[in-house]
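J.: Here's the letter readout for the chains.
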Amino acid sequence: MRISVQDTPFDLGTETTNFAAGHRDMGAIVTFTGVVRDLPDDPLEAMEIEHYPGMTEAALTDIAEQAMTRWSLGDALVIHRHGRLVPSEMIMMVATASRHRKDAFEAAEFLMDYLKSRAPFWKREITAKSADWVAARAEDEDALKRW
Amino acid sequence: MRISVQDTPFDLGTETTNFAAGHRDMGAIVTFTGVVRDLPDDPLEAMEIEHYPGMTEAALTDIAEQAMTRWSLGDALVIHRHGRLVPSEMIMMVATASRHRKDAFEAAEFLMDYLKSRAPFWKREITAKSADWVAARAEDEDALKRW
Amino acid sequence: MDVLYFAWVRERIGIPREAIETSAATVADLITELRAREDRYEAAFSDLTALRVAVDQKLTDFDAPLKGVREVAFFPPMTGG
Amino acid sequence: MDVLYFAWVRERIGIPREAIETSAATVADLITELRAREDRYEAAFSDLTALRVAVDQKLTDFDAPLKGVREVAFFPPMTGG
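Chains as they are written, first to last, in the numbering used here: chain Y, 1 to 147; chain E, 1001 to 1147; chain R, 2001 to 2081; chain D, 3001 to 3081.
Here chain Y stands alone, though its shape is the one from the complex:
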């Protein structure tokens, strides 16, 4: 299990390949990657991500440990960036390894649902005219109910 909270970019290919390579006895690998959208009609200059050093790592570790307990996982990986990101940069990724695809998929969805609403990150969208904090969505909170 690895948790990384970092301001530097990560390489999705390298991370995923290394994660898969470390789990040769696991037949199923699922990854999720979040990307800063680059919308032609919506001129986002940057996304700033604030976090709560110390609590962030603890919360992500707790979420990943819960996933390892609830599903038959060989491993889990969570990487989340903070600081200033520009459109098309990768914000975060999770990866899960299991013998069964159902466990790998469900655990990755669980990680994402909890990470969205329970890990102390706050996003702000910077445009030419404004710098607005992203509002939490009711559907993200609702997503937790299924677990």
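Be aware that one or more of the hints could be misleading.
[To be verified] Derived DEER-like restraints, expressed as beta-carbon distance ranges:
#1 E:Glu1089 to Y:Leu44: 38 to 44 Å
#2 D:Ile3020 to E:His1100: 38 to 44 Å
#3 D:Gly3068 to E:Met1001: 54 to 60 Å
[Claimed, not checked] To give an idea of the interface, some chain D residues facing chain Y are shown, with a C-beta separation under 8 Å as derived from the structure:
#4 Phe3006
#5 Ala3007
#6 Gln3057
#7 Pro3076
#8 Met3078
#9 Thr3079
#10 Gly3081
Hints were generated in silico from the structure; no laboratory data involved. As the structure is a computational prediction, the values presented were derived from the model and not from experiment. C-beta atoms are modelled at their ideal positions from N, C-alpha and C, and glycine is treated no differently.
Got chain Y; can you put chains E, R and D on it based on the hints?
T.: Then chains E, R and D, alone, in the frame of chain Y:
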């Protein structure tokens, strides 16, 4: 949308990075990768994958088109190998890109469920003593019912 | 009409494909013809619940008509992924 | 006790953290004290439904006791991922 049926290895990192790079307006990327298990207690020498050239590509294209229709996807990728693979080699991968993580996850699970039971691939496990065709699992057929 | 066999169906019949002249109206009729031919066909087609069929590269069922069809394939349930 | 503020809570109060001497028994009592201080606190804490609290880096609720606590943090609902 890209479908590739190939006997050569693919690089998960390169494929995933290229896939994500092609969809800058999509915030959510999900990948699934299937790996030949490398079990210390189960001395698999190789996995041979037979397929039905022509029908394989048509079936995978049909499955991917269904996914593109049923979910809000920016793109879908399916790579599946055939021929002789050794433990720890990657058998196949799917990737989905969407604006929403729910669509990306569900579409990837749908692709996997259909690919498992509706694309004409047959696996055979080669050990020192035997060369047995892998039996289809009832739970894989059942998995289709939820879609 | 080309008839193709895959995986253990191919192994039991001993060849991957053959050209067959038939006036069978459906896949089921074709199977009845093949089973009557030789033991190796009987061995391959003895349990239809373990078999799947594609007609012109589309998965279908044993009632499928064969009129105008160019290619029929028999194989076990798929195990990809 | 250290009190931390994040995102727009930090912006409204104007500082990211401060040391506070308090005998408040619970988080809710602490909030009552802070709101009485200055308008900027009143502005930050006016709508508790829009706020979340962590005590010693664990998410909790406004009833949480403060005895022995070293760090309290106030922030809006999280928006990671």
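J.: For every hint, state whether the structure bears it out.
T.: Evaluation of the provided hints:
For the pair Glu1089 of chain E and Leu44 of chain Y, the supplied restraint of 38 to 44 Å holds, since their beta-carbon distance comes to about 40 Å. A C-beta distance of roughly 41 Å is found between Ile3020 of chain D and His1100 of chain E, which places it inside the suggested range of 38 to 44 Å. Checked against the given bound of 54 to 60 Å, the beta carbons of Gly3068 of chain D and Met1001 of chain E, roughly 58 Å apart, stay inside it. With its C-beta approaching chain Y no nearer than about 6 Å, Phe3006 of chain D sits inside the 8 Å limit, and its interface hint holds.
A distance limit of 8 Å between C-beta atoms decides the matter here; for Ala3007 of chain D the minimum to chain Y is near 4 Å, and the interface restraint holds. Hint status for Gln3057 of chain D relative to chain Y: holds, with the closest Cβ pair at about 4 Å, below 8 Å. Among the interface hints, the one on Pro3076 of chain D holds; its C-beta lies about 7 Å from the nearest C-beta in chain Y, closer than the 8 Å criterion. Because the smallest distance between the Cβ of Met3078 of chain D and any Cβ of chain Y comes to about 6 Å, under 8 Å, the interface hint for this residue holds.
With a least beta-carbon distance of about 5 Å to chain Y, the hint placing Thr3079 of chain D at the interface is held under the 8 Å criterion. For Gly3081 of chain D, the suggested interface contact is upheld, since its CB lies about 4 Å from the closest CB of chain Y, less than 8 Å.
Consistency note: the structure conflicts with none of the earlier hints.
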